[in-house]
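**Student:** Since the structure of chain A is already known, use the hints to place chains B and C on it.
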Amino acid sequence: MKNLLEIQDLTVRFHTEDGTVNAVNHVDLRLEDGMTLGVVGETGAGKTTLAKSIMRIIPHPPGKIEGGKIIYGDRDLLEMDDTEIRSVRGKEISMIFQDPMSALNPVIPVGEQIAEVISIHENLDKKQAYERACAMLEMVGIPAFRAHEYPHQFSGGMKQRVVIAIALACSPRILIADEPTTALDVTIQAQVLEMMRDLKEKFGTSILMITHDLGVVAQMCQKVAIMYAGEIVESGTVYDIFDRTAHPYTEGLLGAIPKVHLQERRLRPIDGLMPDPMELPAGCAFCERCKYAQERCSAEHPPMVLLEGEHYVRCFRAEQGREEDKA
Amino acid sequence: MSDANAPLLEVRRLKKYFDTPAGPLQAVDDVSFSIGAGETLGVVGESGCGKTTLGRTILRLQEPTDGQILFHGDDITKYSKRQLKALRSKMQIIFQDPYSSLNPRQTVAQAIAAPLVLQGIVRKGDKEGLEKKVLEMMDRVGLARRFVNTYPHELDGGRRQRIGIARALALDPEFIVCDEPVSALDVSIQAQILNLMQDLQEELGLTYLFITHDLSVVKHLSTRIVVMYLGQVVESADPEELFRNPRHPYTQALLSAIPVPSPDVKMERVKLKGEITSPVNMGQGCRFAGRCAYACPECSQAQTEETIGEGHTVRCCRQGNLSQNE
Amino acid sequence: MANKTKAPAGEARQRTLFQQAVLQFRHNRLAVLGLVMICLFLLVILGTLIVDIVNPEFYTTHVIGQDLTMRLKAPSAEHIFGCDEYGQDLFFRILWGTRLSLLIGIAAIMLSVLIGAPFGMIAGFKGGRVDNVIMRFMDVLLSVPYILLAMAIVASLGRSTFNLLLALAVSGIAKYARVSRAAVMMVKDNEYVEAARAIGASDFEILFKYILPNALAPILIQVSLGIGDSILAVAGLSFLGLGVQPPTPEWGSILTSARTYMRQAWHVSVFPGVALILAVIAFNLFGDGLRDALDPKLKR
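Residue numbers (this note's numbering), protein chains in the order written: chain A, 1 to 327; chain B, 1001 to 1326; chain C, 2001 to 2300.
Derived from the structure by calculation, the hints contain no laboratory data. Backbone N, C-alpha and C fix where the C-beta goes; we use that ideal spot for every residue, glycine too. Be aware that a few hints might be false.
As the list claims (entries may be wrong) - For the chain A half of the interface with chain B, some residues (derived, Cβ under 7 Å), not all of them: (1) P258; (2) L306; (3) E308.
Unchecked claim - So these bits of chain B aren't anywhere near chain C, every CB distance computed over 10 Å: (4) G1038; (5) R1056; (6) K1078; (7) A1086; (8) F1095; (9) S1101; (10) E1136; (11) E1202; (12) N1245; (13) M1267; (14) V1270; (15) C1296.
Just chain A, same shape as in the assembly:
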């Protein structure tokens, strides 16, 4: 499968008064054509920063992309000048944010907001752009006659549909969705996710889905990357992650979520907290919370190990397991 977007060794830091926040540390990630890649992590894991780096919308200062490459096609997005990256944003790669309430301009009718994106990137006159906008609205399940209405006349789920319509208006190759349904109710979330799945089929868009919800990942994604303290700790296919879990953090996450489909008396939380991204430990970032931690874990930083196929994990246990297999 062809890589549509390849992130190599990306490092993003925020330089603040109190110190340097290591938000994203040496992240490697591949988004294949036509796939949905889920990036899972908790608050502060650096997943939103990762997404914003791809769009090059990290606020600078204090944020700075300190190293790495983001290869799209045959170009490095980080090398592009401002004009070039603007022609990529919204046209080739678009992004939707968590909060649909603040993502729309409250004083412009939704139809015009969609048409505006279209007319920036496509060579269409005003009327054609507006017609396309109406077609987009229909596509996301909103009747075209509502195009002249303002954002406040729509409910939360409807607004997120409009946001998605804007993002998909120029048929981008990649859609980055940052917690697209977190602000929505479950029944509405289900509607929006289903719509995203349909649209992905229709447009052949690849999706980078950023979320904290393992349920959403299991239902939406083919590939998954688990992020912890700014780095990828495990990645692979959705079956690798859920059925052949290798990293203790992933194991902990799966144990901690309440599951509707299973009987359980008690959840198994992960003790402790994520380390402060200003003072990352020298060894494994997870070792303080890890029940399998050994001496080595706090001293050395574990490398990414390939288990099989495309299942990678950043843990010494996996490495040992492989050596034992060989022996």
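**Tutor:** Just chains B and C now, kept in the frame of chain A:
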């Protein structure tokens, strides 16, 4: 007045309406249930279904429009200000947002001490006694003692929520309304807090009213679950029964909408039309009918809660006998 | 070890809210400049007060002492700011004028806040009918332009420094009532206020322990930004002849007389004008800095 055999809390035909220019907003409309001592009642519903208002009204943080709230068999809707203040030490609340539910200008110690001083449990000048009690509460909720003089903004969400729990427990209450206590927290922290609440319940014999939008959270925590839609209880049952045999179309849709965290389980979703509205000027008919796949002419009539099995009630004219009429 | 993360991460984070605000403020160079300027003005006021006490003669000879031979004299080594139309030394008049110009402005604001804020807070906290009655009254006050209101007060009570102060204070009440009401209403909806109610706190306790400390910041910011306006208003009313009466030195009244001689003697209008501008800028810079330091939205 107190009746020894009465459930700890009984709510009878509780109503809370708000005046709006478009007519009365029926945030809580004719809700009845009871909770026995040591039990947990899960209240589930989406935003705007009135579950938060219900919790606030039961504590009389908001005045009920109509109905009775019996605590130990005693109707607290008629309580005077003074009686109400005494009642506060018996009924407490834990809030959803650990960021806005703590006074940013109070340290951890001050936040936990506030109820103790207010209720006169510890004398105002008794610094030692107060500190001892505060540290005891911090130990109980698993908050390290070194945080005693920090401000909430220096702590993460999980720790803040522990402060909120400590503050509620400081008065040694019997009954606690938990208003989405974990929905603002990360999953790994969420499990820590849920387990803490479970431990505390067993240890102290607490009774919970657990309000949430997330059915999976209440599933293993509740002794009984009520599902709310637009101010009304549409279905209630014990968790196993509710998850195995949901009878109201809305419960079914809600259950099927939860994304299952396993790629091997493929979801079959009960489709819902449209979105939740607000319960302004509702007629007497079924409030869910507009979105229901099984709507029929009888739905425009008044719906009553009918018992269809042991402890299983449903507010639907089909009483759960759902077969689609084309 | 498992819990070692957020709080003890370097002593730097264990700051009180006040220390944080100070730190934030110190990073803002313009705000610090404003503060320094304000301190200088205060030093001038202090200095003139000391001189008045130690040597009362100085005031009568150098500040209000007239010497017509020096009429409209341009700045020189002897009179570094020159002299006005009565031959009074402009430098000393401006120094001595600082006292009234600034203090009336500040005192007027304080008075407005002391009267307006409690009303606004009660209105915001109670809401409903109480809110309606208080705020409609404030609207009436607000609907009269402050100059007109001040003119009416001064006209009916007579021209005096105290009446000027009173006039300005009354015209500011409505503004600070509104600011306080908005601040209280914003804080009131926080869950911690409801939490306080849930532990049995009375309205009084809630208002003073939970709402006031959190609503104070926006009120303070408005006050510090308002002082500049208030100083201008003092000068303005004095300029119109409604306030401080000559020969008492005050920047506004110096400007009034300077107006006539603008062509012959530039220095008579420029120096008090510059002093006025500097004072207003100082308070505005300070107020801006204070807002940035106290506004929680700008915090990380």
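**Student:** Hints the structure violates: just list their numbers, smallest first.
**Tutor:** 2, 3, 5, 7, 8, 9
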